[in-house]
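Protein sequences, first through last, are from chains A and B.
To convert, note that position 16 of the first sequence is 16 in UniProt numbering; the numbers rise steadily by one, no gaps.
To convert, note that position 89 of the second sequence is 89 in UniProt numbering; the numbers rise steadily by one, no gaps.
No lab work stands behind these hints: they were computed from the structure.
Predicted model, so just to flag it, every value in this text is computed and none were measured.
For each residue, glycine too, the CB sits at the ideal point set by N, CA and C.
Hints may be right or wrong, so weigh each one.
[Claimed, not checked] Take a look, some chain A residues computed to stay more than 12 Å from chain B by CB distance:
{"id": "1", "residue": "His13"}
{"id": "2", "residue": "Ile32"}
{"id": "3", "residue": "Val53"}
{"id": "4", "residue": "Tyr59"}
{"id": "5", "residue": "Leu74"}
{"id": "6", "residue": "Asn77"}
{"id": "7", "residue": "Thr103"}
[As the list claims (entries may be wrong)] Pairs of lysine-lysine, DSS-like flavour, derived with a Cα cap of 25 Å:
{"id": "8", "chain 1": "B", "residue 1": "Lys137", "chain 2": "B", "residue 2": "Lys122"}
{"id": "9", "chain 1": "B", "residue 1": "Lys137", "chain 2": "A", "residue 2": "Lys81"}
{"id": "10", "chain 1": "B", "residue 1": "Lys402", "chain 2": "B", "residue 2": "Lys383"}
{"id": "11", "chain 1": "B", "residue 1": "Lys73", "chain 2": "B", "residue 2": "Lys401"}
{"id": "12", "chain 1": "B", "residue 1": "Lys137", "chain 2": "A", "residue 2": "Lys97"}
{"id": "13", "chain 1": "B", "residue 1": "Lys293", "chain 2": "B", "residue 2": "Lys362"}
{"id": "14", "chain 1": "B", "residue 1": "Lys137", "chain 2": "A", "residue 2": "Lys72"}
{"id": "15", "chain 1": "B", "residue 1": "Lys432", "chain 2": "B", "residue 2": "Lys383"}
{"id": "16", "chain 1": "B", "residue 1": "Lys359", "chain 2": "B", "residue 2": "Lys293"}
[What the hints assert, rightly or not] Which residues of chain B face chain A? A partial, calculated answer using Cβ under 10 Å:
{"id": "17", "residue": "Asn19"}
{"id": "18", "residue": "Ser20"}
{"id": "19", "residue": "Leu37"}
{"id": "20", "residue": "Val149"}
{"id": "21", "residue": "Thr218"}
{"id": "22", "residue": "Glu219"}
{"id": "23", "residue": "Pro282"}
{"id": "24", "residue": "Lys401"}
{"id": "25", "residue": "Ser405"}
If you want the building blocks of each chain, they are given just below.
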Amino acid sequence: EKVSVEVLDHLEHLALVDFRDSEGVERLQKAIQFADQLHEVNTEGVEPMDSVVEDRCLYLREDDVTEGNCTKELLENAREKVEEYFVAPAGNIPLPKLGERETFLQGS
Amino acid sequence: LAPWVPVVGLEIHAQISSNSKLFSGSQVQFAAPPNSLVSFFDASLPGTLPVLNRRCVEAAVMTGLALNCSINKKSLFDRKHYFYADLPTGYQITQQRVPIAVNGSLSYSLCMDNKMSQMVTKTVRIKQIQLEQDSGKSLHDDARRQTLVDLNRAGVGLMEVVMEPDMCCGEEAAAAVRELQLILQTLGSSQAVMAEGQLRVDANVSVHHPGEPYGVRTEVKNINSIRFLAKAIDYEIQRQIEELENGGTILNETRAFDSRLGCTVPMRDKEGKQDYRFMPEPNLPPLILYDAKSLPANMNHEQVINIDWIRERLPDLPSVKREKLVEQYGILPEHSFTLLNEDGLADFFENVVEQTQMKPKKVIGWILKDLLSYLKQHSLSVKESPVSSLLLADLLNLLEKKVISSTAAKQVLAELWKGEGKTPLEIVKEQKLQLLQDQKELEQICQAVIDGQENE
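Excised from the complex, chain A in its bound form (with noise of 0.2 Å):
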C-alpha cells in the first residue's frame, strides 16, 4: 500500500520537509514497512512502550533561578535583531499549494 500524493503533501506543509525525489518518498515508504513488522505481534492487553526511559525516575529540580541574563550570547545566533529581539517575519509564511510550489510529488 502506497502512501499517497494528498499524504505527502500533508507531511511537506507540517514538517517542512522536502522528499525531493522518488529515493525519499521510497525511503519513507521502507520506513513505513518497518515499522509495520510491529502488527505481526499479539500486542492484546499489553501497554504500548513509548520510551524506553519509562522506568527511570524523574528527576525534580528545586525552584530556584540557576540561569538566563545571557542576552547577548543568545542574540549572536539571530540573523537579524532590533534592539534585543529576535526579528521575525510578520507571520508564518505557509509552504504554496502544490500546483504552485517546485516539488518532485507533483508528477506522482
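Based on these hints, arrange chain B on the given structure of chain A.
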C-alpha cells in the same frame, strides 16, 4: 420561533506562580529586558534537555485538589507540534494523553436578576488540568512587516484548566472564572492577574434547539478581562443565533474578540485544520506522584511529591472562608461575597471588628457601603485606603458610645478620607460634632428655639 440553548465551555491558561520556569532555571518575571530571562533550553539550542520544576508540579496538585479532581499518580508529557516564531522548538511540551488531574468540579454563585439577595449556586465540571509550557511573545511591527520576538515568557509553567460546556451565558462563565481566580490566588498556585497575562481564557460557544444535538462551536480568543469575557460570549451567542435564524451556517472557526467594537471577528486564517502530530516527549519519563500509602521508604524526600501532604496543607478556599465569615459574624452570604471579592477587604473588616465594640452586623454596613464606595469612587484598592482599620474602628467606637450621631460619623469619615493624619476624636472636637448629653444644656437650647418661634 423555537428557543435556543447556548452552550459555553472554557479553556483557561493560568501561569504558575514560581521563581523559575517549568523545565529550566531561568527566572519568571513580568516586564524584564527582552530576552534576558532566557536559558539555552528556552531558546531551543541543540543539546539542551527539559528538567521538571518541583514547585510547578505542587502547584498543579494543589489546584487539582482544590477543584475536587482525581490526581493521576502517573501522568505523561507529550509534544504538540506547530510552527510559530515565538515557539523556537517548533513544539510545546504539554500533557495530552494523561494529564496530572481529571474529573473535578467548581461551584460558583450568581445573583438572580441582579439582586444580591437572591444568590444561586451553580457547578461546572472540570474535565482536566494539565501542565504545559507557555510560548514567547510576538510583537507585530506591521509598518516594517516583521515580528519582534521576546522569549522571556517561553517555557514559563502553565496550568491549563478545561471546563466542560456546562455554562449557558457570559454571566455564568464570568462568575466561574472569577471564582477560579480567587481559588488560585488563595492557593498561591497562580497570581491569576488577567491584565498581566497570568490568566488567559478562551471560550467555546455553540447554540442548538432543545432536544437536538449540539451545534457547531466556535472558539473565541483574545479576551483580556472578566468583563470582556461575558461580553464576548454573549455577543457570539447572539451572532450565532442570528446567523442560523437567517438560514446561515456556523463555521468551526477561531474568532477574536474586538473589545473596541464589542464583537467577534474571524482570526487570521489558519491553513485548514491544525494537525499537531502529538507524540510522547522522549526526554521525560512518566511523572509519578505518591500518597501516604504508596510513599516509598528509601527515596530522597526532595524527589517525592506526596499528594496527602499537600492536601493537609491546603488553605481555606473562598467558599469555606465565606461560610466562616457568615457563621462567625452573623453577616449575610452576599456580604461575605463582596468581602472576598475585594482584595484585602475581608481582613480589613475583621481587623475593625476586633478593635471596636460595634457589632459586626453593624460594622459590615460601614465597610460595604461607606468605605467600599469611597474606594471605588477613587479607584483605590483596600491596601491604598487612606483610612486604616484602626481609624475606622476608633470612629465606630465614638458612634457606639453615642459621642456622635450617625450623620456626624459620616462627616468625620469624609474628613478622615483626606488622609491628613487626624484622629476621629480630633476631627469631632475641631468640628464640634459631639452629641450633647447634658440634659440641662439640651433644655436651654430647646427653650431658646421655642422662644425664637414665639417672637415671630
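Hints versus structure:
Against the 12 Å criterion, histidine 13 of chain A falls within the reach of chain B, whose nearest CB is about 7 Å from its own CB. The Cβ of isoleucine 32 of chain A lies farther than 12 Å from every Cβ of chain B, with a closest approach of about 15 Å, so its non-interface assignment holds. For valine 53 of chain A, the requirement that its beta carbon stay farther than 12 Å from each beta carbon of chain B is not met, with the minimum near 5 Å. Once the 12 Å rule is applied to beta carbons, tyrosine 59 of chain A is inconsistent with being away from chain B; the minimum gap is 6 Å.
Not every CB of chain B is more than 12 Å from the CB of leucine 74 of chain A (nearest about 5 Å), against its label as outside the interface. The non-interface label for asparagine 77 of chain A is inconsistent with chain B: the shortest C-beta to C-beta separation is roughly 8 Å, within 12 Å. Once the 12 Å rule is applied to beta carbons, threonine 103 of chain A is consistent with being away from chain B; the minimum gap is 16 Å. Using a Cα cut-off of 25 Å, the hinted pair lysine 137 of chain B and lysine 122 of chain B is violated, with the two alpha carbons roughly 36 Å apart.
A distance of roughly 15 Å separates the Cα atoms of lysine 137 of chain B and lysine 81 of chain A; the hinted pair therefore holds under the 25 Å criterion. With a C-alpha separation of about 29 Å, the suggested pairing of lysine 402 of chain B with lysine 383 of chain B is violated against the 25 Å cut-off. At most 25 Å may separate the alpha-carbon atoms for a hinted pair to count; lysine 73 of chain B and lysine 401 of chain B exceed this at roughly 60 Å. Distance hint between lysine 137 of chain B and lysine 97 of chain A is unfulfilled; the C-alpha atoms sit about 29 Å from each other, more than 25 Å.
Pair hint lysine 293 of chain B plus lysine 362 of chain B does not hold up; C-alpha atoms about 49 Å apart against a cutoff of 25 Å. With a C-alpha separation of about 19 Å, the suggested pair lysine 137 of chain B and lysine 72 of chain A falls inside the 25 Å cut-off, and the hint holds. With a C-alpha separation of about 31 Å, the suggested pair lysine 432 of chain B and lysine 383 of chain B falls outside the 25 Å cut-off, and the hint is violated. Simply put, lysine 359 of chain B and lysine 293 of chain B have alpha-carbon atoms about 48 Å apart, too far for the 25 Å limit, and the pair is violated.
Taking 10 Å as the C-beta cut-off, the interface hint given for asparagine 19 of chain B holds, the closest approach to chain A being about 5 Å. Satisfaction of the interface hint for serine 20 of chain B is found here, the shortest Cβ-Cβ separation to chain A being roughly 5 Å, below the 10 Å cut-off. A least Cβ separation of about 5 Å between leucine 37 of chain B and chain A falls short of the 10 Å threshold, and the interface hint therefore holds. The interface hint given for valine 149 of chain B holds, since its Cβ lies 4 Å from the closest Cβ of chain A, which is under the 10 Å cut-off.
Against a cut-off of 10 Å between C-beta atoms, the interface hint on threonine 218 of chain B is violated, since the closest Cβ of chain A lies about 21 Å away. This hint is violated: glutamate 219 of chain B has a C-beta 19 Å from the nearest C-beta of chain A, more than the 10 Å allowed. Interface hint at proline 282 of chain B: satisfied, since its Cβ lies 6 Å from the closest Cβ of chain A, which is below the 10 Å cut-off. Using the Cβ-Cβ criterion of 10 Å, the hint placing lysine 401 of chain B at the interface with chain A is not satisfied: the shortest such distance is roughly 52 Å.
Violation of the interface hint for serine 405 of chain B is found here, the shortest Cβ-Cβ separation to chain A being roughly 56 Å, above the 10 Å cut-off.
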